[in-house]
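Colleague: Since chain V is already given, all that's left is putting chain P on it; use the hints.
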Amino acid sequence: MNEHLNNIIVAKKELPSSLVKLGWVLTMLGLVLVGISYITDAQRAVQNNLIGFTFLASVSVGAVFFIALEYIAGAVWSTPFRRVTEFLAATLPLLIILAIPLFMNMHNLFEWTHTDVVTSDKVLHGKASYLNVNSFTIRFAVMMAIWMLFYLVFRKHSFVQDLNHDQKHTSINIKFAAVFIPVYAISISLFAFDWLMSLTPHWFSTIFGVYYFIGSIVCTLSVITYLVVSLAEKGYFFKGITEDHYYSFGALLFALLSFWAYIAFSQFMLIWYANLPEENFWFIARWKNGWEYISSALALFHFWIPYFMLVSRPSKMNKGNLKRTALLLIAAHFLDLYWMVMPTFHASPVFSFHELAFPMLTLGLIIVVFAIQSKKYNMVPIGDPKLERGIDFRL
Amino acid sequence: MANSLYSIVATFESPDTIIKAAKAVRDAGYKKFDVHTPFPVHGMDKAMSLPETKLGFVTLAAAILGAVGMISFASWVAAVDYPLVIGGKPYWSWPAFVPVTYEIAVLASVVLTVVIMIVFFFKFPNISHPLHDTPYMKKVSSDKFGVSIQAQDELFNEKKVRELLQSLGGNVDAVYYSDEFINFKPQLFEPKFLLLLAGIAMASSAGGYLLWNKILFLPPYDWMMEQQKVKPQMVSNFYSDKFAMRQPVEGTVARGYIPYPYKDKPDDAGKYLVNPLLPTKQVLELGKKKFLTFCSPCHGNFGQGDSRLRGQFPNPPSLHSDKVRGWPDGNIYHVITNGQNVMPSYQYQVSREERWAIILYIRTLQRALNAKESDLQ
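Going down the list, the sequences are from chains V and P.
Just so you know, the first sequence maps onto residues 785 to 1179 in my numbering.
Just so you know, the second sequence maps onto residues 5 to 381 in my numbering.
Extracted from the complex, chain V is given alone in its bound form:
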């Protein structure tokens, strides 16, 4: 690394203790609440467990996607902050832990696991070769293995590069990223079909995988943006972070949340227009008995409000505004998952401490993992050949 970089890169890497504490408190409190939730109402706890699980999947798998995206797009503006994404991806193994209670309670979640129902139901019978416990489990195992594999490869090359500054690691990661993108596209769609769409096994929407994908990507980018902006404010990463860096986060977030609205509306409008009874019941269930308020709130908080928060040019570079929008979108992703999962089980919206337990736990876990990782590794990929261009990035 040359002199110039040495002077501006900040060695500081331990997170502010307030953030670390917050992470531990959330995790512990979340764990206690999860315990109480499972004891008092196991049914409800499993449903929320699914929300927490899919949320963590959104962030961890989405983080792997963003690593790959940076490599394959040759992006430089995000290189100085890539470690944030890499640390977030380290939550990937936790998915398995959150999945264990789900596998133990599959009968309470998935109608298609009841063999008696399946044999007497023509539609479910027809889907049984795909939707059965064995192939479901195998699919999950394969997906986890693939995601872990790519995560470990990216991570290894990126971290080794800190020591030897060798460009070849970047080229290797680019090749892996090229393979990962299509693999990711297929696996994340199947993940959404398996864990979310199959809650109502009679229903189908071919766009559902894309819908979950973009929701998860908006959420991941929000987490990244929040962490980057708040750490940068405290002097992490490097000296002289410009508005152009912030603007890039704001603009990408703006684009992605618009794409979410586009996909969400496309899914709704085609089903609404055709109005076929085998499709429309999913939306009808979400437009009665109080669910219409949740649906409207989703449109409001996942699109309209953040859209106008980010629409003007200065607002995309305003740090406070970026953080607020990011937090809003993280909450909106929880709402989105709640909206996908809960109407299957509850005729009208429910809300109590059960619904808070898993968001607390997952957010706490993400912060804790992030803190541990940032303590161990460099906050900035100092060996990356794109780093200098990333630091000097101007729009």
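Fair warning: there could be bad hints in the mix.
Heads up, simulated SDA-like pairs for lysine to any residue below, C-alpha to C-alpha not over 20 Å straight-line [unchecked claim]:
#  : chain 1 : residue 1 : chain 2 : residue 2
1  : V       : 911       : V       : 970
2  : P       : 58        : V       : 1166
3  : P       : 50        : V       : 1176
4  : P       : 24        : V       : 1178
5  : P       : 50        : V       : 1053
6  : P       : 93        : V       : 1051
7  : P       : 58        : V       : 1069
8  : P       : 93        : V       : 1053
9  : P       : 50        : V       : 1178
10 : P       : 93        : V       : 1095
11 : V       : 1072      : V       : 1178
12 : P       : 24        : V       : 1176
13 : V       : 1072      : P       : 98
14 : P       : 269       : P       : 333
15 : P       : 93        : V       : 1179
16 : P       : 93        : V       : 1067
17 : P       : 148       : P       : 285
18 : P       : 246       : P       : 228
19 : P       : 285       : P       : 371
20 : V       : 1072      : P       : 99
21 : P       : 269       : P       : 148
22 : P       : 27        : V       : 1178
23 : P       : 93        : V       : 1069
24 : P       : 93        : V       : 970
25 : P       : 58        : V       : 1067
Restraint-style ranges between C-beta atoms, simulated for each label pair [claimed, not checked]:
#  : chain 1 : residue 1 : chain 2 : residue 2 : range
26 : V       : 970       : P       : 352       : 53 to 59 Å
27 : V       : 881       : P       : 89        : 41 to 47 Å
28 : V       : 955       : P       : 90        : 53 to 59 Å
29 : P       : 77        : V       : 962       : 57 to 63 Å
30 : P       : 81        : V       : 892       : 35 to 41 Å
31 : V       : 969       : P       : 227       : 58 to 64 Å
32 : P       : 103       : V       : 892       : 38 to 44 Å
33 : P       : 127       : V       : 1176      : 35 to 41 Å
34 : P       : 232       : V       : 969       : 33 to 39 Å
These aren't lab readings, by the way, just hints derived from the structure by calculation.
Glycine is no exception: its CB is placed at the ideal position from the N, C-alpha and C atoms.
Modeller: Below, chain P alone, put in the same frame as chain V:
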């Protein structure tokens, strides 16, 4: 050329030097200066202390205008002006309007932004600028970076400006302009221009006419007309009776359709049918409308049998004959429904209600031509 000084210009070799120059010119207090570079130089807005552009508000206003306009238009068409039930949905089905509203909002914001930029910022239709077509502009649009300080600036002093730019290392020059050339206003109503417009209009209409009415019907563009589908009255080998058009199952009665029981029995129709309508203003207006549409071509506007068909067709009789005046309503109804000799049946064109309304209107016409003493008082 009556030349006056427009500005003192200087060219520099690199983006860094032009940024420095821009900052120096700004710091010297000049307001009316501009920078020209072959490609966007980052950080120039700041170096020149340019304020944020206000064009974004124009775009926002245009987008809102487009969205509101389109939503209103779609609502008016679908719910007020031409209400049609589509897919069993309410007339005002907002989700169907979303895509087009979005498209129009984007279109309006793009087009209006460009138009407003051209008209207000570039002062269209004035198409000339003193810097156009100067050696300076040639240089800065290929490989040099230039700054130009206008003579209109309050602090302008040719000697000082030259010194400043020279001290910055620039290659200094001056740009002159002729007033009449720069403030030249295109004559919109010049005959040549109007002729050109007319020529373009004629050529494009002729092209459009040929395209839509001739070329599209020639091979290979006529593929749209050869489609794999059966049309009414075509032979279909799929059905054993070879009819493409299917007949309803025997005994089927269409919704809102009641078979006419007095076919070929005018006397019964006259005896048993009773006009269910009252001659209100509304009914008479409906009757007039339908009479003028369906009956007047033969029977004349006032039913006197004096239409332009007279002499070219078995003369349609007057509806003011004693015969028709003496008929009960049921008989006229029978003629409309069943037809009479050469007069065809109108049962498919005119609904039952409308037939009764027409009859009431005919009664009004009859009364008008044969008013009783008491009507005149």
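Colleague: Could you run down the list of hints and mark each one as holding or not?
Modeller: Status of each hint after checking the structure:
no.	hint	in the structure
1	V/911 <-> V/970	holds, 19 Å
2	P/58 <-> V/1166	violated, 40 Å
3	P/50 <-> V/1176	holds, 17 Å
4	P/24 <-> V/1178	holds, 17 Å
5	P/50 <-> V/1053	violated, 45 Å
6	P/93 <-> V/1051	holds, 18 Å
7	P/58 <-> V/1069	violated, 46 Å
8	P/93 <-> V/1053	holds, 13 Å
9	P/50 <-> V/1178	holds, 13 Å
10	P/93 <-> V/1095	violated, 34 Å
11	V/1072 <-> V/1178	violated, 50 Å
12	P/24 <-> V/1176	holds, 18 Å
13	V/1072 <-> P/98	holds, 18 Å
14	P/269 <-> P/333	holds, 14 Å
15	P/93 <-> V/1179	violated, 48 Å
16	P/93 <-> V/1067	holds, 16 Å
17	P/148 <-> P/285	violated, 82 Å
18	P/246 <-> P/228	violated, 25 Å
19	P/285 <-> P/371	holds, 16 Å
20	V/1072 <-> P/99	holds, 18 Å
21	P/269 <-> P/148	violated, 99 Å
22	P/27 <-> V/1178	holds, 18 Å
23	P/93 <-> V/1069	holds, 18 Å
24	P/93 <-> V/970	violated, 36 Å
25	P/58 <-> V/1067	violated, 42 Å
26	V/970 <-> P/352: 53 to 59 Å	holds, 57 Å
27	V/881 <-> P/89: 41 to 47 Å	violated, 54 Å
28	V/955 <-> P/90: 53 to 59 Å	holds, 56 Å
29	P/77 <-> V/962: 57 to 63 Å	violated, 47 Å
30	P/81 <-> V/892: 35 to 41 Å	violated, 50 Å
31	V/969 <-> P/227: 58 to 64 Å	violated, 36 Å
32	P/103 <-> V/892: 38 to 44 Å	holds, 40 Å
33	P/127 <-> V/1176: 35 to 41 Å	holds, 38 Å
34	P/232 <-> V/969: 33 to 39 Å	holds, 36 Å
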